[in-house]
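Asker: With chain Y held as given, fit chain U onto it using these hints.
2 protein chains.
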Amino acid sequence: MAPTLKGGDAALLPEFPRGPLDSYRARASFSWKELALFTEGEDMLRFKKTIFSALENDPLFARSPGAHLSLEKYRELSFLRCKRIFEYDFLSAGDMFESPLKVSTLIQCLGMYDWSLAAKYVLHTLIFGSAVFSSGSERHFTYIQKIFSMEIFGCFALTELSHGSNTKAIRTTAHYNPATEEFIIHSPDFEAAKFWVGNMGKTATHAVVFAQLHMPGGQCHGLHPFIIQIRDLKTLLPMPGVMVGDIGKKLGQNGLDNGFAVFHKVRVPRHNLLNRMGDVTPEGTYVSPFKDARQRFGASLGSLSWGRVVIMAMAVTNLKLAVSIAARFSATRRQFGPTEDEEIPVLEYQTQQWRLLPYLAAAYALDHFSTSLFLDMVELQRGLAAGDRSARQAELGREIHALASAGKPLASWTAQQGIQECREACGGHGYLAMNRLGVLRDDNDPNCTYEGDNNVLLQQTSNYLLGLLALRVQDGARIRSPLKSVDFLDSYPSILDQRFEVSSVADCLDSAVALAAYKWLCYLLRETHEKLNQEKRSGSGDFEARNCQVFHGRPLALAFMELMVLQSFHEHVHRPCVPPSLRAVLGRLSALYALWSLNRHTALLYRAERRRGCPGGRDRSSR
Amino acid sequence: MAPTLKGGDAALLPEFPRGPLDSYRARASFSWKELALFTEGEDMLRFKKTIFSALENDPLFARSPGAHLSLEKYRELSFLRCKRIFEYDFLSAGDMFESPLKVSTLIQCLGMYDWSLAAKYVLHTLIFGSAVFSSGSERHFTYIQKIFSMEIFGCFALTELSHGSNTKAIRTTAHYNPATEEFIIHSPDFEAAKFWVGNMGKTATHAVVFAQLHMPGGQCHGLHPFIIQIRDLKTLLPMPGVMVGDIGKKLGQNGLDNGFAVFHKVRVPRHNLLNRMGDVTPEGTYVSPFKDARQRFGASLGSLSWGRVVIMAMAVTNLKLAVSIAARFSATRRQFGPTEDEEIPVLEYQTQQWRLLPYLAAAYALDHFSTSLFLDMVELQRGLAAGDRSARQAELGREIHALASAGKPLASWTAQQGIQECREACGGHGYLAMNRLGVLRDDNDPNCTYEGDNNVLLQQTSNYLLGLLALRVQDGARIRSPLKSVDFLDSYPSILDQRFEVSSVADCLDSAVALAAYKWLCYLLRETHEKLNQEKRSGSGDFEARNCQVFHGRPLALAFMELMVLQSFHEHVHRPCVPPSLRAVLGRLSALYALWSLNRHTALLYRAERRRGCPGGRDRSSR
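Chains Y and U, in that order, give the protein sequences.
Numbered per the UniProt record's numbering, the first sequence spans residues 1 to 623.
Numbered per the UniProt record's numbering, the second sequence spans residues 1 to 623.
Next up, chain Y with everything else stripped away, as it sits in the complex (with noise of 0.2 angstroms):
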């Protein structure tokens, strides 16, 4: 049955006011309130709507599209409009436990109206406060309360001048002094410097920093975060020994605040070392519930995963925004026509259509993902949280960072991409500021080089693949996981042996199709199996094997994500409480991505049948 508002609240989705969109409104094929209800639910768009109505009424949250402020002005707002939405409380720390999809909504709607303004959010909540939370234990927790009041206000800092993807190089130190029982923080250059911090330029007062603990007998026992106050709560002037400021104009976000900060010789007490993975007892011997540091990193992974989890829904929301853009611009905007005197909106044309709609289809497939796999992060933190340390725990965790780490690749490019291209297909108009694509599009670049380099964060995807084919091949263990989003590989040989059939275009417009031939990525999974075992023989090491990215684990990591990100949307769309007049147009969303993203696979798909010694032929496999 169509989900329909309770209580007849129509004020949740009031009608469009009259314009010229009205003539292709009128001509959809279902309704457009029935599929907002469809993809969010009525709960979350009454929690949009909250968020929304408060800030449209808060002349603090005043926009002028295109408006040209200066950094100071713009920094100054953005803290501003922070400190005002916890005034608001549109969710409290207890919301944030007992609902945590909000958590994501409420920084969707944030990053909607501001991406700098989430940033600022999220870093002093979410990203410094959990880090307090979970790597503190309790003498940690009075600083909780101080963040939701906003008493303090903080920034994480691990990245270096000099080290930013390769953390374990990180060289800011904490030498710890039994004496007085203080660490002793130390950044030994500006190398060395943490850099491109964020909310530490102009208005954090406390910092989580990462340093390499040194022990008074010499020992190194790795990274640990330490929290360290280094700004005046009254005047915000630096802390002794801290010299701290601004990185300067960014090429997006720039009511963020990114800074760099420079320790010497800063004294911090013992208590504060965030102590959950390792301790200093007063008399300076370390303590930790774990073997060595590299199980210490292994345990930090599932936490690591969350901030690729909420990039993905934030490139999905740049993406949305675009593509609504481009799509009214172009469905009201006019240029030539059959004859000299009609002109016709630029959406009729077939180049229009295909820039755009495949852009639009891409906007649902991603977004349904990237919701679940929210959701999965949260049954592996409530796992983690309640204790449990089982296998499938572990193998939850590894296989949520695998999707974690292509996925935001997958989304920030496909964003990225998206809006450059509703930006050229809006014509000049999409080049004044006031059209918000540039601005889009700035804010969303961050997204490609966040927690590593996207072509980085690939290589875990398709290591974590091999990983399990290695284990296959020489062990004869299945290929299973939780979510079982690798299942089927596990019967590549018999899918390697399948032909595709379509007898007809119609046949294509079922995304059933384009799931099956994508399974034949496989294919490269053995390619790039036999590749790394080739280099490895010609003596290459590990390291040097694992180079061979650009033709092999790159497109493996990503084609993967796509069969994961349109085999999720797929199902979704075929579920049998798919409300009926939902299902033509949903369907067709799912075939469009479906289409468009193996097209871009065609030439494998025409090598890989080529190799299998029957080229074009007949199916004579020989497996």
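Just so you know, the hints here were simulated from the structure itself, not pulled from any lab data.
We put the beta carbon where it would ideally sit given N, CA and C, even for glycine.
One thing to keep in mind: the hints can contain errors.
Stated by the list, open to error - Within a straight-line C-alpha distance of at most 20 angstroms, the following computed EDC-like cross-link-like pairs (lysine to aspartate or glutamate) qualify:
#1 U:83 <-> U:58
#2 Y:83 <-> Y:58
#3 Y:146 <-> Y:87
#4 Y:73 <-> U:72
#5 U:249 <-> U:72
#6 U:249 <-> Y:72
#7 U:168 <-> Y:342
#8 U:73 <-> Y:72
#9 Y:168 <-> U:341
#10 Y:168 <-> U:58
#11 Y:168 <-> U:342
#12 U:265 <-> U:340
#13 U:168 <-> Y:341
#14 U:536 <-> Y:348
Claimed, not checked - Derived list of chain Y stretches under chain U, where covered just means 3 residues or more per stretch with a C-beta under 8 angstroms from a C-beta of chain U:
#15 68–81
#16 272–280
#17 313–326
#18 348–362
#19 416–423
#20 428–435
#21 438–451
Stated by the list, open to error - Computed Cβ-Cβ distance ranges for the label pairs, DEER-style:
#22 U:543 <-> Y:62: 42 to 50 angstroms
#23 U:354 <-> Y:190: 25 to 33 angstroms
#24 Y:80 <-> U:543: 48 to 56 angstroms
#25 Y:73 <-> U:324: 15 to 23 angstroms
#26 Y:574 <-> U:611: 29 to 37 angstroms
#27 Y:190 <-> U:232: 48 to 56 angstroms
#28 Y:611 <-> U:531: 24 to 32 angstroms
#29 U:354 <-> Y:530: 49 to 57 angstroms
#30 Y:289 <-> U:64: 44 to 52 angstroms
Answerer: Chain U alone, transformed into the frame defined by chain Y:
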């Protein structure tokens, strides 16, 4: 023999200062000075040096990378700098005629400094100035001198708010009144406001305004250009009846003041009509050397190509800058390595090389093509100026128009994608404004939509090719053109019969191999021709039939253009005059560009092969 500097002027190409790039530079297989001399020639190097030295030593051109200027300040600075460029007198009007390539070089040098400045200069001198010179007659030459002294400052007002690409639909009117011997220039409504006009926002005093010319009898003779004073020379206040202003912030080039203008019955003297293409006698009779509006429009195609040729060069300049920044960063940035203690420059990673080096090769290939096309264009213009109305001259005009219409899309997209790749390849630091990749991306972006969206322009090239094929099929006319770019298409049936066999990887490192494979694109031409005929047979009008671009006309035009660029570069680097010491490196650049470009068409090559009815087997073509 290797080129050497005359007179031992080592100051022209001084050594690089010592630094972290030394080790890579020492490993080069060639002398960079020799390559610079070969690529640019000593005269042009010297001209560039003159310009850069002047800017470097003038405080007005001091820059603070990543600085955040207000719009007002930035626009004011750009105007002052533009004025100063005239004072430097790098290039007199005489030089422009004598050594036109220096015009292109000057634009590129100004653009390397700041595209807003280059745009202001070009719009005033080359767009506004050329329009007055080439569309006007002797009575307008008094303006020329005032243009070079910047007594007046000009803009070119064609585009309206609702009409860009479709210039024929422009709605500003010019009604002639014989009683006062004046034109009445009028904008019927806001949608007919002149819009996007560079220099109009703040600084232009005069505009070349295009309007539909109406005679007292009611006849309309189509678009004609008028020179109109829009602002007072001293106060810069708008002239009576002119509403003029700035359209606001853009995604980039914010030092350029793009503006709008609405004309309310503005009275303009009769002699302000730029009357080369058509004139009005005092008593109100229309006279023109051209039979009809269509022919008049055709005659202006030549000058339309200028814009596209110059945009090509601008895009290539951006690509050069971006690749230099990213390659240098990648050679010094170290991250991860084969062991925990040893980090290697990111340039050593296969992925990084794969991302950046093809764009380096593309910069060389596109640079060479764009310079050649510029010189062809000069030849065309010299013919026009000399009154050459031969068939060859007309053919040359069409050929250059086809090359420029696809060359501009190929160059601007390659640059746009290349800059984005460079920005991501530099990780977080690529996102910092002072590292300039953002400005390059934002300033290059309009190159993708100037003169009409790239996708629309590509259609002009595919139409040209289809027209040639249609003549051959219907009338047996040979396919050939003055620059011989299309001559190979004449033997398309035999090309389609050929098989390209490569026995080793080493063979592919000669760009001749990819070049031969590229000629297979005539398969696309034949397919597009057939598709078009099929559409027409099924009852589509010409407009609808040509609308089927996505899988036919568009890839045809792009592949054709890639072939043109490749062929031109391949021939260039295999000339006997290439110094022996540069042959290896230039040959590698040519092969890399060839294989990288061809790689995009792998699926086509597979598909075409199958359709020959001989999929994967021995050659037994039936043609």
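Asker: Each hint needs a verdict: does it hold in this structure or not?
Answerer: Going down the list of hints, with the structure as the test:
1. Restraint check for residue 83 of chain U and residue 58 of chain U: the C-alpha separation of about 13 angstroms stays at or below 20 angstroms, so the hint holds.
2. Restraint check: the Cα-Cα separation between residue 83 of chain Y and residue 58 of chain Y comes to about 13 angstroms, which is no more than 20 angstroms; the hinted pair holds.
3. Taking the CA atoms of residue 146 of chain Y and residue 87 of chain Y, the gap is about 13 angstroms. The hint holds against a cut of 20 angstroms.
4. Note on residue 73 of chain Y and residue 72 of chain U: the hinted pairing holds, with a Cα-Cα distance of about 16 angstroms set against a maximum of 20 angstroms.
5. Between residue 249 of chain U and residue 72 of chain U the CA atoms are separated by roughly 10 angstroms; this keeps the pair inside 20 angstroms, and the hint holds.
6. A threshold of 20 angstroms between alpha carbons decides the hint, and for residue 249 of chain U with residue 72 of chain Y the separation of about 18 angstroms falls inside it, so the pair holds.
7. Taking the CA atoms of residue 168 of chain U and residue 342 of chain Y, the gap is near 12 angstroms; set against the 20 angstroms cutoff, the hint holds.
8. Our distance criterion of 20 angstroms between C-alpha atoms is met by residue 73 of chain U and residue 72 of chain Y, whose separation comes to about 16 angstroms.
9. At most 20 angstroms may separate the alpha-carbon atoms for a hinted pair to count; residue 168 of chain Y and residue 341 of chain U meet this at roughly 10 angstroms.
10. For the hint linking residue 168 of chain Y to residue 58 of chain U, the alpha-carbon distance of about 46 angstroms lies beyond 20 angstroms, and the restraint is violated.
11. Distance check on the hinted pair: residue 168 of chain Y and residue 342 of chain U sit about 12 angstroms apart at the alpha-carbon level, within 20 angstroms; holds.
12. Our distance criterion of 20 angstroms between C-alpha atoms is broken by residue 265 of chain U and residue 340 of chain U, whose separation comes to about 76 angstroms.
13. Distance check on the hinted pair: residue 168 of chain U and residue 341 of chain Y sit about 10 angstroms apart at the alpha-carbon level, within 20 angstroms; holds.
14. Proximity of residue 536 of chain U to residue 348 of chain Y is assessed by CA-CA distance (about 19 angstroms); at most 20 angstroms being required, the pair is judged to hold.
15. Three residues within the 8 angstroms Cβ limit are the bar, and the region 68–81 of chain Y against chain U gives 3, so the coverage statement holds.
16. Beta-carbon proximity to chain U at under 8 angstroms applies to 0 residues in the region 272–280 of chain Y; the threshold of 3 is not reached and the given coverage is violated.
17. Only residues whose beta carbon comes within less than 8 angstroms of a beta carbon in chain U count, and the region 313–326 of chain Y has 0; fewer than three means the coverage is violated.
18. With 5 residues having a beta carbon nearer than 8 angstroms to a beta carbon of chain U, the region 348–362 of chain Y meets the requirement of three or more and the stated coverage holds.
19. Interface restraint, the region 416–423 of chain Y with chain U: holds (3 residues with C-beta to C-beta distance below 8 angstroms; minimum three).
20. Counting residues of the region 428–435 of chain Y whose CB lies closer than 8 angstroms to any CB of chain U gives 6, which reaches the minimum of 3, so the coverage claim holds.
21. With 7 residues bearing a CB less than 8 angstroms from a CB of chain U, the region 438–451 of chain Y meets the requirement of three and the coverage assertion stands.
22. A hinted range of 42 to 50 angstroms for the beta carbons of residue 543 of chain U and residue 62 of chain Y is consistent with their spacing of about 46 angstroms.
23. Distance hint check for residue 354 of chain U and residue 190 of chain Y: the Cβ-Cβ separation is about 32 angstroms, which falls inside the suggested range of 25 to 33 angstroms.
24. As the Cβ distance of residue 80 of chain Y to residue 543 of chain U is approximately 54 angstroms, the hint placing it in 48 to 56 angstroms holds.
25. Distance hint check: the CB atoms of residue 73 of chain Y and residue 324 of chain U are about 34 angstroms apart, inconsistent with the given range 15 to 23 angstroms.
26. The hint said 29 to 37 angstroms for the Cβ distance between residue 574 of chain Y and residue 611 of chain U, and at roughly 34 angstroms that hint holds.
27. At roughly 54 angstroms, the beta carbons of residue 190 of chain Y and residue 232 of chain U sit within the given window of 48 to 56 angstroms.
28. At about 31 angstroms, the beta-carbon gap between residue 611 of chain Y and residue 531 of chain U stays in the expected band of 24 to 32 angstroms.
29. Range check, residue 354 of chain U to residue 530 of chain Y: Cβ separation about 20 angstroms, and the 49 to 57 angstroms hint is violated.
30. Restraint check, residue 289 of chain Y to residue 64 of chain U: a C-beta distance of roughly 51 angstroms satisfies the suggested window 44 to 52 angstroms.
Hints 10, 12, 16, 17, 25, 29 from the earlier list are contradicted by this structure; the remaining hints agree with it.
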